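Student: Residue numbers (this note's numbering), protein chains in the order written: chain A, 15 to 514; chain B, 19 to 115; chain C, 511 to 1005.
Don't read these hints as lab results, they were simulated from the structure. The model shown is predicted, which means the values in this text are computed figures rather than measured ones. Think of the CB as a built atom: it goes at the ideal place given N, C-alpha and C, for glycine as much as any other residue. Be a bit skeptical, because a hint or two may be false.
Said to hold, decoys possible - Label pairs and their calculated CB-CB ranges:
| hint | chain 1 | residue 1 | chain 2 | residue 2 | range |
| --- | --- | --- | --- | --- | --- |
| 1 | C | L738 | A | G113 | 50 to 56 Å |
| 2 | A | S65 | B | N50 | 45 to 51 Å |
| 3 | B | L112 | C | G940 | 58 to 64 Å |
Claimed, not checked - Chain A is faced by these chain C residues, among others (derived, beta-carbon under 8 Å):
| hint | residue |
| --- | --- |
| 4 | L563 |
| 5 | L565 |
| 6 | G567 |
| 7 | R599 |
| 8 | K609 |
| 9 | Y635 |
| 10 | D807 |
Stated by the list, open to error - Okay, derived cross-link-like pairs now, EDC-like style, lysine to aspartate or glutamate, Cα gap no bigger than 16 Å in a straight line:
| hint | chain 1 | residue 1 | chain 2 | residue 2 |
| --- | --- | --- | --- | --- |
| 11 | A | K428 | A | D161 |
| 12 | A | K371 | A | E289 |
| 13 | C | K745 | C | E777 |
| 14 | A | K428 | A | E289 |
| 15 | C | K686 | C | E718 |
| 16 | C | K650 | B | E41 |
| 17 | C | K874 | C | D860 |
| 18 | C | K988 | C | D966 |
| 19 | C | K912 | C | E934 |
| 20 | A | K371 | B | E41 |
| 21 | C | K650 | B | E102 |
| 22 | C | K600 | C | E679 |
| 23 | C | K745 | C | E718 |
| 24 | A | K371 | B | E102 |
| 25 | A | K371 | B | E39 |
| 26 | C | K686 | C | E640 |
| 27 | C | K691 | C | D627 |
| 28 | A | K371 | B | E92 |
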Amino acid sequence: MTPNLTASAAELARLMAAGELTSEVLTRSCLARIEQLNPALNVFLSVDAESALAQARDIDARRAAGEKLGPLAGIPIGVKDNFCTTDFPTTCGSRMLQGWTPPYDSTVVGKLRAAGLVIVGKTNMDEFAMGSSTETSFYGPTRNPWDTERIPGGSGGGSAAAVASFMVPLAVGSDTGGSIRQPGSVTGTVGVKPTYGGVSRYGLVAMASSLDQPGPCARTALDAAMLQEIIGGYDRHDSASIDQPVGDLTGAASAADLSGLRVGVVTELGGEGYEPDVLARFDEAVDLLRAAGAEVVEVSCPSFRYALPAYYLIQPAELSSNLARFDGMRYGHRAGDDGTRSAEEVMNLTRDEGFGKEAKRRIIIGTYALSAGYYDAYYGSAQKVRTLIQQDFDRAFEAVDVLVSPTTPTVAFKIGERMADPMSMYMADLCTIPSNMAGNASASFPAGLSEDGLPVGLQVMAPPMADERLYRVGGVLERALEQQWGAPLLARLAEKEISA
Amino acid sequence: MGITADDVARLGALARIRLTEQECHDLAPELNVILESVRSVSEVAGPDVPMATHAIPMANVFRDDVVTGSLTQEQALSGAPDQEDGRFRVPQILGEE
Amino acid sequence: MTATVDYDDLLTRYEPVLGLEVHVELNTNSKMFCGCPTTFGGEPNTQVCPVCLGLPGSLPVINCKAVESAIRIGLALNCQIADWCRMARKNYFYPDMTKNFQTSQYDEPIAFDGYVDLEVEGKTYRVEIERAHMEEDAGKALHVGGSGRIHGAEYSLIDYNRAGVPLIEIVTKPVKGAGDKAPEVAKAYVSHLRDLLRALGVSDVRMEQGSLRCDANVSLMPIGSEVLGTRTETKNVNSLRSVERSIRYEMTRQAAILDDGGKVKQETRHFHEGEGNTSPGRSKEEAEDYRYFAEPDLMPIAPSREWVEELRGTLPEPPAERRRRLQAEWGFSDIDFGGIVSSGALDLVDATVVAGATPGASRKWWVTELARRANEAGVELDALAITPAQVAAVQGLVDDGKVNDKLARQVIEGVLAGEGEPAEVVEKRGLAVVSDEGALSTAVDEVIERNPEVADKIRAGKVQAAGALIGQVMKAMKGQADAAKVRELILSKLS
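Model the full assembly from the supplied sequences, consistent with the hints where possible.
Tutor: Dropping the structure here:
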């Protein structure tokens, strides 16, 4: 029996619960698909087939023994390579951590294991999550399954491409400025950045602590909701973890319509600089929301214009400090230790050799932004801008229940196109950054294809701890589009032959 | 008032990254472009706007003073580039005695 | 630079200004941000976890007890307690720091603007407290090869067991106006802190184990000037005595430079206990830029006023009040009581009294015999290997007539030498006084026979002459007799 790898995680889980499919068979198929496509796409940095099959057989045995298992037990999953795992190296896409296997599991991974998901491997990413294209990975770029000449987004391009190319039905990612949502948008998948504090960061290698947030990558709103229900929740190891119940995410993903929902279109996130196809698909999606009963208004968030510049101060500042620990003394790469050099010199050489260009660029900017004499003008001002953005969100959410925008101004760009121009790369996160700055929940859902057949995403933003609203909008939009096309968006990719 | 190659070298020293002269020269104009584009932030917020540091404001997140598990020595040293007698071995440290 | 300057003389030209930074290791069960134990002396790198090792992905969570201790220390130092404050990252690279930043506090300390009043030689000095803030300790590096110091070491070995142990740093405002007593005031300040912290029960306060560390900033200001001089910061000050000595040394060293028309260099110096001098640390090429910013992984600390007041209710009696109370209870003169305080014996005497000895006997043992022995050994009184309960037990033996004063000193010697409890020492060393009336009576008879003239004087009523005979009897008994008993016997035989 060959399982249908294009089926949703919810459907595959139903088949397993009904005894029509085993996790071993499913996992074997996923592993075969990875083996077939990974050379072309460079999605997985490490895969452990033996371990995955052992996990799968264990789940099958427990199910056969009548044990009550979680709703996604037996589903294969990919994990972004910045989540600590005791059974896989955790490289963060960096030479600095080549071959490093942590002695502990991240909370997210621990929860996946407890829920019986089968971790097949670790997915590629921009180095330490710094990038919007997965091109800054020391281990080479990941390619977009829709067009292998193009980027899959970043930093979590590996997780998004893994899900889009049907290697695994689910993956987890982390989102600091759009690293789950923007890859979701350009690969035609669902990517959710939960409320900051909704999913534990413990064991997620930090880029920018006040912005980082783990979240699900999936092919449907319901799948993402099911995964968030597993990885989310209070964790005493993360001081920012919120000890409050969240709404019914899976219930919301299955909502029939949007009647009574007030949707705000953000004036500042659109217009000049956005590709016409992106704006066209966005407008059509908003029409579908209106048709499903939503009341749509336009909302202005004037401070969003400053979100990107403020983000490019706060994020490098925090990461310059977070990445200081990579010095070759306790773990990871060590360079130049020939017995004559001092610790200081070895640190200098290690960090020069271990970090790639973008990492160095950001560390230097962050060091500058925090240094004496510049703190107030840069870091201090950026934190004030953050307050203004939060105030804009607060005001907006008094008037509407959710805000919407394109997820990213363009479709997937070509590999290499923006590497020489950091600012053009940073622009990819223009729409996603405000929610990281304010900490509210936000997600990207497929909204159709451009003329060139490349995916476009719709971003939905909800107030903190109102994550269920994302899923309600996403679920309704997904079904409306499916009805229009007669099939899910990704079905078109399933028909394509993927090759490098 | 931009960043010069010398500034980059100084920042590199502060961040413990050995940058070659070439790297400093290459990085300086790139950093200036980035800093130019972020300069606007210092103009938007007045003195009355408080600085945010956390997305969701919380306070007094504490743990009880209870001993929980530690790693074994072997686990602690498992990633060490070099070790000796249960300790991390590092090159000679220059600095204060 | 070898010019010697007379200490008293320099004070006619310069006013010393001090600044003291004291680091206190808290005695919490677990570390500041993780559940690793804080116990001293474990096998290397066995009291570490992803958090205190700074492993990628790990996150800190604040130990509530450490905050509580910080607030209690702040209150005991008469400080204001912040309504709201944050931890901050102090960024600098050093291999004993696992994250290459220290989680500390910057411009928002938990406690600030306090003071302590000290008495030095009958005069009261107020030392103002700038701030007391929370931070974490670093690991310990062992330097291998070369001289064993950092310079010339071939490599270093690091144990991170101590990394992340909670620290409170207490910083004074500039201490001025102490004049020639500046070193004593500094010593009294650290001694006061030690007593206070011990009474609060928040730290082991063992300077020799590093759970109490003092950095002394010293500068000299020409008398009549308003401008502070250049300061030096002396580290490695590991005992109360060293606090005083290192400051005295720095004052004379700086005066010699200034007298020569030179300039004091702003630097970190290290105190050498053996030589009693200081030497410069490696100077940094440029001032460190610590790039402080609020720690994004930790939430602000906002102690409620109810909590602060509740903690205020747990404070021990303030030291000055306690001293007044104990002096009254014990009935000592100012001189006798002052002797106890200045020798650092107050807690020990108090504990000995609590253990059952009289205040007089307790004072006598600690201020004379034990103070002498501590001095000989070059250690603090409380570092002696004898407890107040053991001292009280020794006095009990004296009171029961089992040993005399001279034997009691030998018992103490035995206890200090680790021979066991006082009763065991008496047993093992065979120190009990001879209560065998027969042997004693024979000895007295022999002495009377050898000294007929003295015996006659006593018979004639010159009782004070008995002293000469008592001494001979004691000698004959090798000290193992109760002198009072001997006197009684002589007098009864000659009456």
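Student: Run every hint past the structure and note whether it holds.
Tutor: Okay, the hints, checked on the actual structure:
1. Evaluation of the 50 to 56 Å hint for L738 of chain C and G113 of chain A yields a pass: the beta carbon distance comes to about 54 Å.
2. Between S65 of chain A and N50 of chain B the beta carbon distance is about 48 Å. The supplied range of 45 to 51 Å therefore holds.
3. Take L112 of chain B and G940 of chain C: their Cβ atoms lie about 60 Å apart, and the range 58 to 64 Å holds.
4. A hinted interface residue such as L563 of chain C counts as satisfied when its beta carbon comes closer than 8 Å to some beta carbon of chain A; here the least separation is about 7 Å, so the hint holds.
5. With its C-beta approaching chain A no nearer than about 6 Å, L565 of chain C sits inside the 8 Å limit, and its interface hint holds.
6. With its C-beta approaching chain A no nearer than about 4 Å, G567 of chain C sits inside the 8 Å limit, and its interface hint holds.
7. Checking R599 of chain C against chain A by beta carbon gives a least distance of about 5 Å; that is within 8 Å, so the hint holds.
8. Interface restraint check for K609 of chain C: the shortest CB-CB distance to chain A comes to about 5 Å, inside 8 Å, so the restraint holds.
9. Contact between Y635 of chain C and chain A, as hinted, is not supported at the beta carbon level, the nearest pair being about 35 Å apart and thus beyond 8 Å.
10. At its closest, the beta carbon of D807 of chain C sits 5 Å from a beta carbon of chain A; the interface hint therefore holds under the 8 Å criterion.
11. Restraint check for K428 of chain A and D161 of chain A: the C-alpha separation of about 9 Å stays at or below 16 Å, so the hint holds.
12. Of the pairs offered as hints, the one joining K371 of chain A and E289 of chain A is violated, with about 29 Å between alpha carbons and a cut-off of 16 Å exceeded.
13. With a C-alpha separation of about 11 Å, the suggested pairing of K745 of chain C with E777 of chain C holds against the 16 Å cut-off.
14. Using a Cα cut-off of 16 Å, the hinted pair K428 of chain A and E289 of chain A holds, with the two alpha carbons roughly 15 Å apart.
15. For the given pair, K686 of chain C sits about 28 Å from E718 of chain C by alpha-carbon distance, which is inconsistent with the 16 Å threshold.
16. Proposed proximity of K650 of chain C and E41 of chain B is contradicted: the alpha carbons are some 35 Å apart, above 16 Å.
17. Only pairs whose Cα atoms come within 16 Å are accepted, and K874 of chain C paired with D860 of chain C is accepted, the gap being roughly 13 Å.
18. For the hint linking K988 of chain C to D966 of chain C, the alpha-carbon distance of about 26 Å lies beyond 16 Å, and the restraint is violated.
19. Distance hint between K912 of chain C and E934 of chain C is fulfilled; the C-alpha atoms sit about 13 Å from each other, no more than 16 Å.
20. Using a Cα cut-off of 16 Å, the hinted pair K371 of chain A and E41 of chain B holds, with the two alpha carbons roughly 9 Å apart.
21. Taking the CA atoms of K650 of chain C and E102 of chain B, the gap is near 14 Å; set against the 16 Å cutoff, the hint holds.
22. Between the alpha carbons of K600 of chain C and E679 of chain C the distance comes to roughly 14 Å, so the proposed pair stays at or under 16 Å and holds.
23. Simply put, K745 of chain C and E718 of chain C have alpha-carbon atoms about 14 Å apart, close enough for the 16 Å limit, and the pair holds.
24. In summary, the hint linking K371 of chain A to E102 of chain B is not supported, as the alpha carbons are separated by about 34 Å, beyond the 16 Å threshold.
25. Using a Cα cut-off of 16 Å, the hinted pair K371 of chain A and E39 of chain B holds, with the two alpha carbons roughly 15 Å apart.
26. With a C-alpha separation of about 14 Å, the suggested pairing of K686 of chain C with E640 of chain C holds against the 16 Å cut-off.
27. Proximity of K691 of chain C to D627 of chain C is assessed by CA-CA distance (about 15 Å); at most 16 Å being required, the pair is judged to hold.
28. Our distance criterion of 16 Å between C-alpha atoms is broken by K371 of chain A and E92 of chain B, whose separation comes to about 34 Å.
In the structure shown, a violation is registered for the earlier hints numbered 9, 12, 15, 16, 18, 24 and 28, in ascending order.
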